[in-house]
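K.L.:
Listed below are the residues making up each chain.
There are 2 protein chains.
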Amino acid sequence: MAIKLSSKSEGFEEEIRALLGSKRETSEDVDHIVRDILHDVETRGDAAVLEYTNKFDRMSAKSMDELKVTEAEIEAAVAQIPAETLEALQLAHDRIRSHHQKQLPESYTYKDAIGVELGAIWTAVEAVGVYVPGGLASYPSSVLMNVVPAKVAGVERIVMVVPSPDNVLNPLVLAAAKMSGVSEIYRIGGAQAVGALAYGTETIAPVSKIVGPGNAFVSAAKRRVFGTVGIDMIAGPSEILVVADKDNNPDWVAVDLLSQAEHDPVAQSILITDSEELAQAVEEAVERQLTTLPRADVARQSWNDFGAIITVDNLDDAMVLSNRFAPEHLELCVDDPDALLPKMRNAGAVFVGRYTPEAIGDYVGGSNHVLPTARSARFSSGLSTLEFVKRTSLLRCNPENLAQIGPAAVTLAEVEGLQAHGRSVSIRLNH
Amino acid sequence: MAIKLSSKSEGFEEEIRALLGSKRETSEDVDHIVRDILHDVETRGDAAVLEYTNKFDRMSAKSMDELKVTEAEIEAAVAQIPAETLEALQLAHDRIRSHHQKQLPESYTYKDAIGVELGAIWTAVEAVGVYVPGGLASYPSSVLMNVVPAKVAGVERIVMVVPSPDNVLNPLVLAAAKMSGVSEIYRIGGAQAVGALAYGTETIAPVSKIVGPGNAFVSAAKRRVFGTVGIDMIAGPSEILVVADKDNNPDWVAVDLLSQAEHDPVAQSILITDSEELAQAVEEAVERQLTTLPRADVARQSWNDFGAIITVDNLDDAMVLSNRFAPEHLELCVDDPDALLPKMRNAGAVFVGRYTPEAIGDYVGGSNHVLPTARSARFSSGLSTLEFVKRTSLLRCNPENLAQIGPAAVTLAEVEGLQAHGRSVSIRLNH
Numbered sequence: 286m287a288i289k290l291s292s293k294s295e296g297f298e299e300e301i302r303a304l305l306g307s308k309r310e311t312s313e314d315v316d317h318i319v320r321d322i323l324h325d326v327e328t329r330g331d332a333a334v335l336e337y338t339n340k341f342d343r344m345s346a347k348s349m350d351e352l353k354v355t356e357a358e359i360e361a362a363v364a365q366i367p368a369e370t371l372e373a374l375q376l377a378h379d380r381i382r383s384h385h386q387k388q389l390p391e392s393y394t395y396k397d398a399i400g401v402e403l404g405a406i407w408t409a410v411e412a413v414g415v416y417v418p419g420g421l422a423s424y425p426s427s428v429l430m431n432v433v434p435a436k437v438a439g440v441e442r443i444v445m446v447v448p449s450p451d452n453v454l455n456p457l458v459l460a461a462a463k464m465s466g467v468s469e470i471y472r473i474g475g476a477q478a479v480g481a482l483a484y485g486t487e488t489i490a491p492v493s494k495i496v497g498p499g500n501a502f503v504s505a506a507k508r509r510v511f512g513t514v515g516i517d518m519i520a521g522p523s524e525i526l527v528v529a530d531k532d533n534n535p536d537w538v539a540v541d542l543l544s545q546a547e548h549d550p551v552a553q554s555i556l557i558t559d560s561e562e563l564a565q566a567v568e569e570a571v572e573r574q575l576t577t578l579p580r581a582d583v584a585r586q587s588w589n590d591f592g593a594i595i596t597v598d599n600l601d602d603a604m605v606l607s608n609r610f611a612p613e614h615l616e617l618c619v620d621d622p623d624a625l626l627p628k629m630r631n632a633g634a635v636f637v638g639r640y641t642p643e644a645i646g647d648y649v650g651g652s653n654h655v656l657p658t659a660r661s662a663r664f665s666s667g668l669s670t671l672e673f674v675k676r677t678s679l680l681r682c683n684p685e686n687l688a689q690i691g692p693a694a695v696t697l698a699e700v701e702g703l704q705a706h707g708r709s710v711s712i713r714l715n716h
Numbered sequence: 286m287a288i289k290l291s292s293k294s295e296g297f298e299e300e301i302r303a304l305l306g307s308k309r310e311t312s313e314d315v316d317h318i319v320r321d322i323l324h325d326v327e328t329r330g331d332a333a334v335l336e337y338t339n340k341f342d343r344m345s346a347k348s349m350d351e352l353k354v355t356e357a358e359i360e361a362a363v364a365q366i367p368a369e370t371l372e373a374l375q376l377a378h379d380r381i382r383s384h385h386q387k388q389l390p391e392s393y394t395y396k397d398a399i400g401v402e403l404g405a406i407w408t409a410v411e412a413v414g415v416y417v418p419g420g421l422a423s424y425p426s427s428v429l430m431n432v433v434p435a436k437v438a439g440v441e442r443i444v445m446v447v448p449s450p451d452n453v454l455n456p457l458v459l460a461a462a463k464m465s466g467v468s469e470i471y472r473i474g475g476a477q478a479v480g481a482l483a484y485g486t487e488t489i490a491p492v493s494k495i496v497g498p499g500n501a502f503v504s505a506a507k508r509r510v511f512g513t514v515g516i517d518m519i520a521g522p523s524e525i526l527v528v529a530d531k532d533n534n535p536d537w538v539a540v541d542l543l544s545q546a547e548h549d550p551v552a553q554s555i556l557i558t559d560s561e562e563l564a565q566a567v568e569e570a571v572e573r574q575l576t577t578l579p580r581a582d583v584a585r586q587s588w589n590d591f592g593a594i595i596t597v598d599n600l601d602d603a604m605v606l607s608n609r610f611a612p613e614h615l616e617l618c619v620d621d622p623d624a625l626l627p628k629m630r631n632a633g634a635v636f637v638g639r640y641t642p643e644a645i646g647d648y649v650g651g652s653n654h655v656l657p658t659a660r661s662a663r664f665s666s667g668l669s670t671l672e673f674v675k676r677t678s679l680l681r682c683n684p685e686n687l688a689q690i691g692p693a694a695v696t697l698a699e700v701e702g703l704q705a706h707g708r709s710v711s712i713r714l715n716h
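Protein sequence lines, in the order shown, are assigned to chains A and B.
First residue of the first sequence? That's 286 in our numbering, and the numbers climb one at a time after it.
First residue of the second sequence? That's 286 in our numbering, and the numbers climb one at a time after it.
Since the hints were made in silico from the structure, they are not lab data.
One should not assume that every hint holds.
One copy or two, either will do: identical chains are not told apart, so a pair holds if it fits within one copy or between any two.
[Unchecked claim] Here are the simulated EDC-like cross-link-like pairs (lysine to aspartate or glutamate), alpha carbons at most 16 Å apart as the crow flies: (1) 531 / 336; (2) 436 / 536; (3) 387 / 397; (4) 628 / 602; (5) 347 / 487; (6) 293 / 321; (7) 289 / 572; (8) 289 / 532; (9) 340 / 402; (10) 628 / 411; (11) 308 / 402.
Chain A extracted, bound-state conformation (with noise of 0.2 Å):
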């Protein structure tokens, strides 16, 4: 069971802070295995891929060329894929595709008053590896959230990585990475491929940016090619905070929140309500529904290890909690969301009214389900376009606003120190 926490008990902010403060991550210590995988595959490319995909996924491939997935594969996948499947995953892909092309920013420039051109010129990043887990964990609405932004951005090769341990790929992942327009297949995975990707090898060209997510390893891999290319976040496990007052289903709020505990023993699931009846109600449906879940035992060790239902005075002082966990997922199941909605401050994304289930942003909402996990919506945003593309700024003077400006960047340059940058501003000055 949940812990169940109430506003009005003596101790209840010590409480919160240790909630806030709860290890959730599985701190593996891989490092120094990740670094010798990383340093083998920089320096003998190929040869070194090859033997470590055979070895750790059971592999027996000759060549790199045998770990490409060919059109024919892909193919023969999307044959396979019972039609249902496939319209359920173009509507999640058309969905996505149409709400990331109103992320892309736009170049502009401008001239001040002076007359001094600045401003601001967004280009596509130029090459992208994409991971994709292998296994249970090979999920195709992944693909689509990290490729399809990538692709809207106008990155122009997309690369794959995904393993294929005893030589098994699952179907919806190739068909979904054909879908949204995956330029190049490798059936690698672990820190060899993130190395591939990072450094090159006579087969894989290398990428200026690696995004998706990965187990420890793959983690480890990203944080140490991390300066060599651009990663994404480091995903941590999965969280969901529900604001709900009293005029809920209590089952509704109750398989919100064993939809994410059923990802991650680690994941976690917070009710936050100011009804002591709804929050009786919401731990009794838990316990009903876990009977009858596929996944009832992660889902338990997840609500026993990390859920909490915490009643407060009222929906005001729920978000000031609520904006204190920053939560990967907030749902604001409430009579008037609206009225809540100003007051959300850090979360990776609003969920809002008593309809908006948090997995129909899994999958088929439009946003983006790559989002900042352990808090970290207090600084960060999840997936968007805007991670494909980067800001070159624009400046352009000409001899009359020079001369106007010119004069305090000479003086500034002085007390820095720094004279030739005050020579290229000064020489310039009486032409």
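With chain A's structure known, arrange chain B on it following the hints.
P.N.:
Frame of chain A, contents of chain B only:
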């Protein structure tokens, strides 16, 4: 003397690759020291910060209170600054502020064809720490460049840390802090300051994001606290790449190259030109100017070790090369820069035309001088107002449109084996 390359020579591609691959980082191994300091600050708070500060900065403070800079100290510092310098600083501040206000993103929501509401809510990071180096590299311009965008973004609390070795503080740094709206200033630096900002102490409340340049200890500490807080980029040594046609004053180009070289022995200055004559003339002008430059030692070492003059057949080829270097600063010193701009793909900032020396952007241009180095302009952008805000995505369904897109979500949840996800949607479909 810098290396000279010509696209006409055999082996040109190999030489360019070697230049691209040259390591300019001074990789001091400080990580284990930093780990211990951070752990100490996290567990012992003020006491640890005080001890490290007294030790490393040769101070004798008895409490953290003594390390907090008072309003009186700031006013005394400002009072001793010449009016001309303060005016130059104010001009820089106002121009930076004005430009960064244009970067503020706007929240929006919209309804799609079936009435699903989607959107993005931008909010400011609540508290930001700004690291300012002490000693010689204590630049007031950097204070403005890091603080003003945070202030414009709406950050409520901006905490500046700046070490004061031997109890010496640069008054201009204090003036810039006051001018730009810093909330609190502490005379602390190094990993201990980064730890205090990230974890908080009895005196210093924790922040959500830390920005600003620092030495190897500061960079290592920022890498380590990343996740607990957000960080800006890890800045490497400075770079300039000048694309120039034949009609340039070689002295202007030479001093622009030297304005980066004087920063750091591992800075890099590159000229790419289609004119053999200009290449020769700039080479001579650099040598000539080095004889009279105060920071000639630093500049000469940088120029000799990492400088390059590259001649190519035409300016289009120059842009192709420049995109491979992805320079922090790109100057287009050519007759028709607008013809080259559309070919620019990777650069932190572009300075357009002969009357826009890079140094104008360091101080008074209005754009930010914190820019991606070490080829990271391939995947990242300079500092802007955007780095101090974060986006919460918004989704709102109603019973009707949930009924339209919900079944596809249920289908996808089923194939991914996440039944609670599916249930959270289907339970709402019959209501």
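K.L.:
All the hints need checking, so say for each whether the structure fits it.
P.N.:
Going through the hints against the structure:
1. 531 / 336: neither (58 Å within a copy, 53 Å between copies)
2. 436 / 536: neither (39 Å within a copy, 45 Å between copies)
3. 387 / 397: between (28 Å within a copy, 11 Å between copies)
4. 628 / 602: within (10 Å within a copy, 53 Å between copies)
5. 347 / 487: within (15 Å within a copy, 60 Å between copies)
6. 293 / 321: neither (53 Å within a copy, 40 Å between copies)
7. 289 / 572: Within. Shortest intra-copy distance 14 Å satisfies the 16 Å Cα cut-off; inter-copy 74 Å does not.
8. 289 / 532: neither (20 Å within a copy, 75 Å between copies)
9. 340 / 402: neither (57 Å within a copy, 48 Å between copies)
10. 628 / 411: between (39 Å within a copy, 13 Å between copies)
11. 308 / 402: neither (49 Å within a copy, 35 Å between copies)
Taken one by one, the earlier hints fail for this structure at numbers 1, 2, 6, 8, 9, 11, listed in ascending order.
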